[in-house]
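Peer 1: Taken in sequence, the protein lines are chains A and B.
Using the numbering used here, the letters of the first sequence correspond one by one to residues 1 to 212.
Using the numbering used here, the letters of the second sequence correspond one by one to residues 1 to 349.
Do not rely on the hints blindly, as some may be mistaken.
Here are the computed lysine-lysine pairs in the BS3-like style, where the Cα-Cα straight-line distance is at most 27 Å [claimed, not checked]:
1. B/347 to B/331
2. B/331 to A/72
3. A/72 to B/57
4. A/178 to A/50
5. A/57 to A/31
6. B/347 to A/3
7. B/217 to A/3
8. B/57 to A/74
Simulated from the structure, these hints should not be mistaken for lab results.
Keep in mind that this is a model prediction, so the values were computed, not measured.
Listed below are the residues making up each chain.
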Amino acid sequence: MPKPIRYLIYAAAIALLAYNSVYFKKLDEVKAGTTAFDAAGYAKDFWEKKLTPGLSKAVDLNVLTSLLEADKEKAFNAHSHALGIGNIRYFLVRGQGVVTHVDENEVSVQLTDAGAKTATPHVRIATEYIFGNAVRDASGAIDINAFTNSMDFNNVSAEINRIIRDTVVPPFKSKVRKGDRVVFTGAIELNRGHLQTNDIEVIPVNLQIEKP
Amino acid sequence: MSQNIPSIAGEKPAGDRLPPTADGRSVALQGRFSIARFQSLIALFLLCLALSILSDKFLTVSNLWNVMRQISVNICISVGMTLIVLTAGIDLSVGSVLALCGAITAGLLKNGIEIPTQNLYIGFTVLGAILAGGLTGSALGAFNGWAITRFSVPPFVATLAMLTVARGLTMLWTGGFPISGLGETFQFIGTGWFLAIPLPVWISIVVVALAVFLTDKTRIGRYIYAIGGNENASRLSGINVNKVKIIVYTIAGALAAVGGIMVTSRLDSAQPNAGISYELDSIAAVVIGGTSLSGGRGSILGTVQGAMIIGVLNNGLVLLNVSPFWQQVVKGLVILLAVIIDKANSKNE
């Protein structure tokens, strides 16, 4: 095949690919009608109208660990949420127990069974490093497809964590002492593939101290 | 050199090591290759047999398709790695390149490009985003090849540098956050079915077919084996060694991008830490598949078998609830065993 014709075919193929690959718009037209996303406002609204009312649905951590031992898949399917299909899943949980250790970063709690008062595993309530998407994803109440871009979606998580750092943790952290009885609700992360239930970190959503 | 010389592992040997006889067979190998050439397949069969006895979930349709989906990504990466290892090179950057290409594809698809100074928004279709991801992988692979050939940097070092660079670029591009919600059309690549077979499996079949054609039926395929067998002899015989190496690294980069797009599509999310340690799984697949790390000997189909062994092993260890720490130990020992067998085979030759 003559070179000019060959190059012409190549150029046509590239042009066709490019035509079907990208499109151009004026930026102000794209932005029109889409006001800047208010992540803080969205997170506050979510906290007050979706998360807090939904806390009553949080699964008891003792019940969850029993379920996980009995039928892991059933427990994950019934109580966890996550984006995508990875092994990392998030649970909204509640529990109560006795504080066994307090330090700058976390409060260790020995769970107690509300009925039998039997000893159950320790959990760690995070009180310093509140990061990640645990609370946002554990709630199962935010649909990623409702967001025009992933940065907005991630900013919601950052703002939820900020609410926890500003309003949930300080009153608890300043008063909690070893031996206190605490009641908590929060989000936890578990790996479906490699389940570890003896060292669970709780990102708190609600914390209460019941002095002995 | 001839590509049609069966070796004891069923792989193509370096021409300068195994001169063919008139009937196209190596004298040294005649009569004793029959069992050894199937050693990977035998290992795979025994592994599957053991797992089907030890776990009732292994031989279920859903689990086997799941394994095949997971293997598909490693096959794509390992095919590129095989071409590189055949030239006596190595590519440690495939995992990071995979992550970056997946992130770029997802980022462009989700957010496009905004150029405020020109009041311009460039949006990308699924095709456009995939092409951009593929071109990124190819460019990074080409850069690896260029750095290795132009500055005589050992492949290990050059690709180790790229491993860090690509991971850093991924973090910069994503801001450290996943890019999720990429739409159903894009998700279909990683989760869809075609003719009752998962689409990722079809993609890996096409990749393997093209790679087998490249290595067996083209001039550059013969050059790849020749360079791995004896680089100086290849250069003296007129082969443009640098050009071939750059092409090989470019192909490997493009295939890492294919893997990245498949992973991103399957998860509907580009994870900044995706692909970590994928290079080890792909090297393991290549070695277990019988490709010699010193180059010049090996085959794409051997690598496919190696990838299947690694994939089945990963799946089996999870099904058997083996601790992830022990999983790494087991995989390491399997790789070591494969290298020892390879060395023994080479010695016999």
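Peer 1: Now tell me if each hint is right for this structure.
Peer 2: Hints versus structure:
Of the supplied pair hints, the one linking residue 347 of chain B and residue 331 of chain B holds, its CA atoms being roughly 24 Å apart against a limit of 27 Å. Proximity of residue 331 of chain B to residue 72 of chain A is assessed by CA-CA distance (about 26 Å); at most 27 Å being required, the pair is judged to hold. Straight-line distance between C-alpha atoms of residue 72 of chain A and residue 57 of chain B comes to about 14 Å, which keeps the hinted pair within the 27 Å bound. Restraint check for residue 178 of chain A and residue 50 of chain A: not satisfied, since their Cα atoms lie roughly 33 Å apart, outside the 27 Å limit.
Simply put, residue 57 of chain A and residue 31 of chain A have alpha-carbon atoms about 39 Å apart, too far for the 27 Å limit, and the pair is violated. Of the pairs offered as hints, the one joining residue 347 of chain B and residue 3 of chain A is violated, with about 50 Å between alpha carbons and a cut-off of 27 Å exceeded. Taken as a hint, the residue 217 of chain B and residue 3 of chain A pair is honoured in the structure, with Cα atoms around 25 Å apart against an allowance of 27 Å. Pair hint residue 57 of chain B plus residue 74 of chain A holds up; C-alpha atoms about 16 Å apart against a cutoff of 27 Å.
Hint compliance for this structure: hints 4, 5, 6 are not met, and every other hint is.
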